[in-house]
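Participant: Residues per chain are reported as follows:
Number of protein chains: 2
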Amino acid sequence: MINLIDIGKQAKKAAFILAQLSEKEKNNVLKIIADQLEQQAEKILLANQKDIKIAKENKLSDALIDRLLLTTERLQNIANDVRHIVSLTDPVGKIIDGGTLDSGLKIERIRVPLGVIGTIYEARPNVTIDVAALCLKTGNAVILRGGKETKYSNQVLVEVIQDALQQANLPKYAVQSINDSNRELVLQLLKLDRYVDMIIPRGGAGLHKLCKEHSTIPVIIGGVGVCHTFVEQSADLERALDIIKNAKTQRPSTCNTLETLLVQENIANIFLPKLAASLKDKNVKFHADKTALLILQSVNAPVSQIEEQALRQEWGSLDLNVIIVKDINQAIEHISEYGTQHSEAILTSSQQLAHQFIQQVDAAAVYINASTRFTDGGQFGLGAEVAVSTQKLHARGPMGLEALTSYKWVGIGNYTIRT
Amino acid sequence: MINLIDIGKQAKKAAFILAQLSEKEKNNVLKIIADQLEQQAEKILLANQKDIKIAKENKLSDALIDRLLLTTERLQNIANDVRHIVSLTDPVGKIIDGGTLDSGLKIERIRVPLGVIGTIYEARPNVTIDVAALCLKTGNAVILRGGKETKYSNQVLVEVIQDALQQANLPKYAVQSINDSNRELVLQLLKLDRYVDMIIPRGGAGLHKLCKEHSTIPVIIGGVGVCHTFVEQSADLERALDIIKNAKTQRPSTCNTLETLLVQENIANIFLPKLAASLKDKNVKFHADKTALLILQSVNAPVSQIEEQALRQEWGSLDLNVIIVKDINQAIEHISEYGTQHSEAILTSSQQLAHQFIQQVDAAAVYINASTRFTDGGQFGLGAEVAVSTQKLHARGPMGLEALTSYKWVGIGNYTIRT
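Protein chains in written order, with my numbering: chain A, 123 to 541; chain B, 123 to 541.
These aren't lab readings, by the way, just hints derived from the structure by calculation.
Since this is a predicted model, take the numbers as computed values, not measurements.
The hints are all genuine.
Since the list gives no way to pick one copy over another, a pair counts as held whenever it fits inside one copy or between any two copies.
List of simulated lysine-lysine pairs, DSSO-like, C-alpha gap at most 27 Å:
| hint | residue 1 | residue 2 |
| --- | --- | --- |
| 1 | Lys448 | Lys135 |
| 2 | Lys134 | Lys448 |
| 3 | Lys448 | Lys131 |
| 4 | Lys228 | Lys367 |
| 5 | Lys135 | Lys294 |
| 6 | Lys135 | Lys331 |
Chain A with its partners taken away, still in its complex shape:
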């Protein structure tokens, strides 16, 4: 079995070197990676075909196989994403704040890399390149633990990255992968606090729970979005339909997709038939509480009665929960009980209720008259994202480059003592 202590030690050594690099040096290796992804496309696609073949033999779902699949075009996009990361500003070395104390000591708070990042993810070979590029840009070493379904793809992709690192005279151990499907290794990685500074799980609720319960390293919890939209009685109902269509159907597998629609009681009879008509051509299936069920059935919409458990889960598909609430307070209570603190929206014409919603809903992103689909590093102008955090410490919501850094306080004196 792979020795994780060795991997951790090597990563920490590499991180020491990466932390000293200039932005130019870091961009240089990213450019080589982007070029190499293009030049070695044939080799990469061949390895990916092996993974696809095994996935088909193991009868994995079409959705999973699609996520696993690399094509010439997708690989080109991945290379271009790396070039986009080159164009972003490196936060490392930035002075956050500072000043001169009464004693004459000059202090500054300076951004530094976190050190070593561990990532545990599933069958997405693009994540391998994406996370490695974001970590290198911010001077962090990374230990990648991809799903076993991407074994051959990841092997070649990490080879490409390590070759690029060596071409740039940098330690190849800056990016390492654990390419052994033994689950015990995940548990070992989670306890490697001597060498690893942060764990980013990218996967479902089960993976996050596993990490939270077993890790002695700080874990970024996120990615699971049971997102709500509350249609308040004063909302512009016609325009509300566009928001809901966008939030539910634009890309149903993403974590910022609408899962549960909350509709104020006294507009349900008017609004739900409009909703059914609006979503008909998108083949959205409804899961409704008793009152909403009757209304939706009366217009022959595809609907079944909801089970409570469904309110706590992401559908990841064209399924939509519909719940009737008395008022905004009940809506906020529902969100507090069933939400995952990801993205929550209210549609209303009342400034006062909008304010109440912003104040009282505890989530990474809160929207007034907008689609929950906006919660995304690219949309928010962060340039890229390493994850979407739904916890409160360190980083919340879309995590860009800055979320891969910490800071140190630097004090410069003239033989200055504390009095």
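Given the structure of chain A, go ahead and fit chain B onto it with the hints provided.
Facilitator: Then chain B, alone, in the frame of chain A:
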């Protein structure tokens, strides 16, 4: 046994209310607490005397009893510290950044309270008031778990706080304490992730290890400082003596106290006799490596040979380790191996070496020609501190009010969809 689920639920409910308060409302309750500490001084000191009596019967150390002891003057200082927190600016509600996206969506990142804080600490009744006041100022509820030695003092202090909360028409469950010495309760608190957002342990290395290993809640690791000062050959040796005296002897029990002095080889023969003379009247005992031992013995300094284990621990007393190193690289290696990433200093006249030290030493605070004693929220201008963090996520170094907050993204649209 106390039911922690109930405590957690009540704290979360209280946090919801606290998060909506204005700065004025929060200051109001803090002022009542400060006044009540003065008005109820007699009752508080009486309870404290009970703790002191038991501590003496149990033959606790003088240092511990001193930490435990409240006097009229100390209580007055604690009340004034609360008034000082009133004078600080509340970070909650502050807009960190924001802008308008191409789609027309206006986004803002707004500071919000963390929610519920759990604190586990030792025999310091002042921490009870201090932490509660900082949490209330930032709109957080808090669950306090003080050492069993402060049982009677904490009981009365929490009563005073809860009375003040009720006088201000706020939920008394905003500040709760677990006043049962059963250790099982600490383990239960560490798994209360459903209700508690952050754990701050304030104690020794053992407590931090326990929290790291058992908590499913993010833990702020900190407070343990094995701090170094490296005297490089170009340093002004006379002025270096003042720095070392300040860093070692000003308040030896604090975490920013110098524990290990690193001296460059080629100045050891000149510098160590000066050092022994300088620290003689302070009764500093030396623990030296072989070379330093011979030099210190030759001037009759109180010295013994160091054991490796001592390099990894805080003395908390007037003991100083002395290690000879070849050069700056060896000094940085030593710090990397034995340091706790708290506060590290170099004394040098070389700008280049100062820069290397800042770049390569991985610690919350790095000093050039200054005393490590500066690592402190008050000194750094944060106004107050809830802890000193030696980890890299969320907050590093002295943690002020801002470290008790998170942020939420707020998006305000005009029925805006993602394209």
